[in-house]
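*Asks:* Could you slot chains B, C and D onto chain A? The hints should help.
Number of protein chains: 4
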Amino acid sequence: MINFALFGAGRIGSIHANNVARHPEAQLVTLYDPYQDNADRLAGELGCTQMTPEQIFASDDIHAVLICSATDTHADLIEQAVASGKHVFCEKPVDLSLQRVRQCVDRISQSDPKVMVAYNRRFDPNFQALKQRVEAGEVGTVELVSIISKDPAPPPVEYIKVSGGLFRDMTIHDFDMSRFLLGEEVVSVSAQASCQVDPAIGEAGDVDTAVITLATASGKLAQISNSRRASFGYDQRIEVHGSKGMLVAQNVNENTVVAYNSDGVTSARPLHFFLERYAAAYRAELDSFVRCLSGEQVELPGMDDGLKSLMLAEAALLSYQQARSVNLAELD
Amino acid sequence: MINFALFGAGRIGSIHANNVARHPEAQLVTLYDPYQDNADRLAGELGCTQMTPEQIFASDDIHAVLICSATDTHADLIEQAVASGKHVFCEKPVDLSLQRVRQCVDRISQSDPKVMVAYNRRFDPNFQALKQRVEAGEVGTVELVSIISKDPAPPPVEYIKVSGGLFRDMTIHDFDMSRFLLGEEVVSVSAQASCQVDPAIGEAGDVDTAVITLATASGKLAQISNSRRASFGYDQRIEVHGSKGMLVAQNVNENTVVAYNSDGVTSARPLHFFLERYAAAYRAELDSFVRCLSGEQVELPGMDDGLKSLMLAEAALLSYQQARSVNLAELD
Amino acid sequence: MINFALFGAGRIGSIHANNVARHPEAQLVTLYDPYQDNADRLAGELGCTQMTPEQIFASDDIHAVLICSATDTHADLIEQAVASGKHVFCEKPVDLSLQRVRQCVDRISQSDPKVMVAYNRRFDPNFQALKQRVEAGEVGTVELVSIISKDPAPPPVEYIKVSGGLFRDMTIHDFDMSRFLLGEEVVSVSAQASCQVDPAIGEAGDVDTAVITLATASGKLAQISNSRRASFGYDQRIEVHGSKGMLVAQNVNENTVVAYNSDGVTSARPLHFFLERYAAAYRAELDSFVRCLSGEQVELPGMDDGLKSLMLAEAALLSYQQARSVNLAELD
Amino acid sequence: MINFALFGAGRIGSIHANNVARHPEAQLVTLYDPYQDNADRLAGELGCTQMTPEQIFASDDIHAVLICSATDTHADLIEQAVASGKHVFCEKPVDLSLQRVRQCVDRISQSDPKVMVAYNRRFDPNFQALKQRVEAGEVGTVELVSIISKDPAPPPVEYIKVSGGLFRDMTIHDFDMSRFLLGEEVVSVSAQASCQVDPAIGEAGDVDTAVITLATASGKLAQISNSRRASFGYDQRIEVHGSKGMLVAQNVNENTVVAYNSDGVTSARPLHFFLERYAAAYRAELDSFVRCLSGEQVELPGMDDGLKSLMLAEAALLSYQQARSVNLAELD
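Residue numbers (numbering that gives the first Met the number 0), protein chains in the order written: chain A, 0 to 331; chain B, 0 to 331; chain C, 0 to 331; chain D, 0 to 331.
You may find that some hints are simply not true.
Identical copies look the same in the list; a pair holds intra-copy or inter-copy alike.
Each computed EDC-like pair below joins lysine to aspartate or glutamate, with the alpha-carbon atoms no more than 20 Å apart [as the list claims (entries may be wrong)]:
#, residue 1, residue 2
1, Lys-243, Asp-150
2, Lys-243, Asp-197
3, Lys-91, Asp-286
4, Lys-307, Glu-184
5, Lys-113, Glu-298
6, Lys-160, Asp-150
These are calculated hints, taken from the structure and not from any lab test.
Here chain A stands alone, though its shape is the one from the complex (with noise of 0.2 Å):
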């Protein structure tokens, strides 16, 4: 039995914490939220203790941390958790800035406790039937990979403001997947990007809909398209295209009752946004952090996959910007 501690008791925490207390080999001990509302709400739903982070640290019960926290908490609990020997679990992403997460790798690097950026999509139940697919080589060699991810609807401007931008916020995700899928590590980024679903978010600073194309050494392309706004719910497909064949992952829809009428033949919408959709993404990942712990050999998304998904979100704007391809080897 793995005996968990949670960091930041808010929608994304509780999700975890539930998906921990479910599980057979893991359980949810105790919690921390500075916001006393969230703690008390979600202690009392769980039936766990709560406690400082200084007691979460130094107790000897305690296996590992779920850091739900505020993004800008993550790089210090991180470093704390891996000091005191507790294994991480941490929500994307590790940190904003690219010079905080270099420190943060260089500063656990010689450490024992595993460190999982949970990159939920990479547990996505499709997208893993894909990659398990892609590598056992149904498509020859990958020569492009297609992403299209959209939101159903913009989050609030005050989000915005603090999340980064578009690529730290969401494009990281389909980074992620990129890299994921590509099978080679990408070395130039070109990005293009707009405001065109609400003024408000320009005025921000930032944009609402992009295109990135991605390239690895040998020629390997990916494109990610993204939108903050799809009327019809979360738009997440993925196309693998290789030398012989390829291999689509569509959207998953609410139900598979399909209407005939004069309209046309209409079938579901989407799930509507990631609460839906990667519902059993979420409890995948977290099993397989369980079972990592457990010594199965499981291959879990680490600090690396979080510091190169950054970058990549970094060379975006930048190319974005500067309107030229963007080398990474630039961001060295």
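*Replies:* Quick look at chains B, C and D alone, frame taken from chain A:
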């Protein structure tokens, strides 16, 4: 909190027991299975006690029973449970004998406890969505219901021999769904059937492939097609055709990955069998039962539904044997 | 070059005449229609002469006749054409009277000219592909054929009154397709039907909704569902289920555009009716006929197919009227 | 009746000539091809005369010319045809040299005859339906256009060498479709590309895989993905994402048959290549040209479209070579 006792710790009993265990407002207190191995395994897994039937019926702590034991014990257990004031969640069928079911219905007709005959398909989220849209008038007047219902592979002949035959064992689900969707009682049944899948099934006196047509007094029609073997997986589709259009519930596939290659465009198979296909339905039916016991207004399939679907099975068998349409009134 | 004469310059005659006109190895020489307006219009459009039936049968220049006139003239024209050595392409049905069809079959049985009864659906490219794959063994042994066949809207009641009724007019196509795909003659028929679409159809003594089951000697089953009204368009689907899998021919849609919006994911409707849906089939059947006359080995539906599909219609009517399965041998 | 002369009796010339021959208001009077075998074959097949270019331009009987000859003859023939008062239907591209196209545009700018640059995809019935629905406002404001355009297999390297390269030869269609659908002129182009399909293509100085992003002044984006090889067939899909939803034109498949077996659920492949996929488009574009000449108000792609798509190709090539976004104004 509603306390359950379970009769029958086999495959389907285990499913319901686990759903009780995970339900926030229900718990499994105890179980009974004459096969001690089954009983020990599940009681250990779920951390519940074991009691004899007598102890269960005598216990004031137990509010409801899950009847998942052998078919020939269902009617007796229903009667005993109701007599001792327990609510009943009973796996289908009530009994294979129409006479016995009628007797059971009579005996408990004046009693208070709720009795649910657990026709799981009614709770499948896709079929629920279909039903709600039919009731909302989306297809206008229902004219023709088509149910495709095929198992991936036939059960062992030993099971066939005690199953009551295709119509009572397998089609009975489709009879219930037809009634659920037609919105009007069936008055006549016509069945054609044959043994095409496995000669051993024919030698056991049963059929493995069948087409059944139902008609209501106003002329609404339902057609059911059954096979004991669909090599591609569990084929579970429903079409409701009405004056304004058609609603179709398609199969649920293993995932959303589609492969494009020189063979064509291939999507995943339907989920293999009922454990996978109806996992959500099993959770939802248990939840509906709990909500009903908690005082919510929830429509549950009851003894009358158990009786009527068996009558349709009897009528289908008679129709097949005598090569004619059978009027339900003949069975009175 | 094969020279054709056309009887009947109405809608379907015009289609076949145009297909002849466009065929590189056929030409329309002349036509006859007692409605002079029809005759003048089509002869003008296609630049052909007009002749009386007597002149047509006496002409040495004419190799084949297209019989697209009123149903009650078909059998006579077939007999006269064959007697004068012309090949025959005849629209279905041969006649609405089983006795008359048998007489016609007898009278021409010793003759040389080819007689094709034009069951257009056999030539639909999708159904052709289905048939070829069934014959190639892709589904193993055929066990169950399902035909969904619904018109977008009922014809005028005046047409219904002279149509011979649903089974002889509409289902007859599905009977032919069942025979085409089962690969074994049907021995028994069971039909249920009702009038749900338009009471005027019932007042005219006909039904508008029907479900028919066919069985062969070895136990293969076919089910047909018919409605005179599918508000979403022409519903023409076929499923062939066998020991190794299933092949399905889906509807043909108006185009491939799919709309994603808050209502769901909507693709185009099925092509509206037979003129659109079977345009390619009409071209292909004419081409098959021409190729057959040119000496190629082509399998065409003939008088025997016309006779057998009408027998199935008669049996279905009897089954419906007497609420019992009807054995085809009863009609001998 | 509009009388056509054809230049170039090769594959595409033969298609257009046959469409003229079948058109009720057009006829092919004569043709010219310097390869006498081609000329003799097609003239024999269609029963038309042969003339020299000089005779064609001098003939009062000829109203319009179809230019399907080698690319390097297009601009000259356009100029001569226009000078002699003939309308022009010219296969794309006008020329591979931007300078030559500009010169041609200048020289004919004051002339009366209609000049159509035959971008066939604009006339595909699916893309037409897409375009009409976009113009009707169904997706609201267009924000992002995605074009997937992949050939089934690369052409011979000999063709590659004279093709002008991927951007001018293949992507040029997608540039035109982007302009057709964006509803606003493109101002900047960014292209990434590589040689992944066949090293011989790289040795010939070309690429075979590319991703191109276009942007308009208001920030609308278009992304194009190209490959010279899609092993499953011709991949021709378009997505238009806007403020109110998305419209997608899917591939056109060989037929509607779907196979269910233990491998999954397999539908037919996309139509193999442009001759099959765009057969209806070729007919429709010829018909549009004829209707325009007959005085109907029909919007046709013209010299300006030929010029602008070539400018986008030039910009893409420059972008790829210099690893930066290229502003269209740079090409002025």
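*Asks:* Now tell me, hint by hint, if it's right for this structure.
*Replies:* So, going through the hints one by one against the coordinates:
{"no.": "1", "hint": "Lys-243 <-> Asp-150", "verdict": "between (32 Å within a copy, 13 Å between copies)"}
{"no.": "2", "hint": "Lys-243 <-> Asp-197", "verdict": "between (41 Å within a copy, 13 Å between copies)"}
{"no.": "3", "hint": "Lys-91 <-> Asp-286", "verdict": "within (17 Å within a copy, 35 Å between copies)"}
{"no.": "4", "hint": "Lys-307 <-> Glu-184", "verdict": "within (9 Å within a copy, 36 Å between copies)"}
{"no.": "5", "hint": "Lys-113 <-> Glu-298", "verdict": "within (11 Å within a copy, 50 Å between copies)"}
{"no.": "6", "hint": "Lys-160 <-> Asp-150", "verdict": "within (17 Å within a copy, 43 Å between copies)"}
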